[in-house]
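Student: Take a look at the letters that make up each chain.
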Amino acid sequence: KQEVTQIPAALSVPEGENLVLNCSFTDSAIYNLQWFRQDPGKGLTSLLLIQSSQREQTSGRLNASLDKSSGRSTLYIAASQPGDSATYLCAFSQGYGNNRLAFGKGNQVVVIP
Amino acid sequence: DAEITQSPRHKITETGRQVTLACHQTWNHNNMFWYRQDLGHGLRLIHYSYGVQDTNKGEVSDGYSVSRSNTEDLPLTLESAASSQTSVYFCASSVKNEGTEAFFGQGTRLTVV
Numbered sequence: 001k002q003e004v005t006q007i008p009a010a011l012s013v014p015e016g017e018n019l020v021l022n023c024s025f026t027d028s029a030i031y032n033l034q035w036f037r038q039d040p041g042k043g044l045t046s047l048l049l050i051q052s053s054q055r056e057q058t059s060g061r062l063n064a065s066l067d068k069s070s071g072r073s074t075l076y077i078a079a080s081q082p083g084d085s086a087t088y089l090c091a092f093s094q095g096y097g098n099n100r101l102a103f104g105k106g107n108q109v110v111v112i113p
Numbered sequence: 001d002a003e004i005t006q007s008p009r010h011k012i013t014e015t016g017r018q019v020t021l022a023c024h025q026t027w028n029h030n031n032m033f034w035y036r037q038d039l040g041h042g043l044r045l046i047h048y049s050y051g052v053q054d055t056n057k058g059e060v061s062d063g064y065s066v067s068r069s070n071t072e073d074l075p076l077t078l079e080s081a082a083s084s085q086t087s088v089y090f091c092a093s094s095v096k097n098e099g100t101e102a103f104f105g106q107g108t109r110l111t112v113v
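First to last, the protein sequences are chains A and B. Using my numbering, the letters of the first sequence correspond one by one to residues 1 to 113. Using my numbering, the letters of the second sequence correspond one by one to residues 1 to 113.
When the alpha-carbon atoms are kept at most 20 Å apart in a straight line, the in silico EDC-like pairs for lysine to aspartate or glutamate are as follows:
(1) A:K1 <-> B:E59
(2) B:K96 <-> B:D73
(3) A:K42 <-> B:E3
(4) A:K105 <-> B:E59
(5) A:K42 <-> B:E101
(6) A:K105 <-> B:D38
(7) A:K42 <-> B:D38
(8) A:K105 <-> A:D84
(9) A:K1 <-> B:D62
(10) A:K1 <-> A:D27
(11) B:K57 <-> B:E79
(12) B:K57 <-> A:E3
(13) A:K68 <-> A:E3
(14) A:K1 <-> A:D67
(15) B:K96 <-> B:D54
No wet-lab data here; the hints were simulated from the structure.
The following block holds chain A by itself, in its conformation from the complex (with noise of 0.2 Å):
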């Protein structure tokens, strides 16, 4: 079963610093990762998609990586601003076209103006 740990749980940082939010699965068969937001309560929303054979994908600030070999993926949001507070969250996909997503606990995130 595929474990997926989210680190830290909570985290403030400054407006204008970089984020940094760090996920790690344990079973390396993975088929797509998903990055997620969620505000208070609010439903998902769909940052960014890395599929196993890429190592990256870019939108606008957000960056994330997948690194199949070390079982980690990193979220980086760039120059923090307070709408950027919220819960993210990565979820893995284990299955070709299967989409049955393992999700992690989420980093809670506070950008302080």
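Position chain B relative to chain A; hints supplied.
Tutor: Then chain B, alone, in the frame of chain A:
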């Protein structure tokens, strides 16, 4: 725009009652999923479907059932609601056979009293 909608957004029910949560998507996705989110556990898979008339159990399926009579809908039924089923429920969908992004609804907060 295509979307995935859940209803109701909030529901309070009594122990022992049957409850059905609705999920409707307009992307014509084959894959649909139900997850529950609880503090300390993250998101866990309840049931999933890869197409019409197909349903499968996830890791926490006891006490729940689903049916898939068309592509757009995957209702989740709690046969006899229990306090342990108080949670936030999320429906998701994705394209089949491509390992692509999963899209989530806004969630249903269910309280069993």
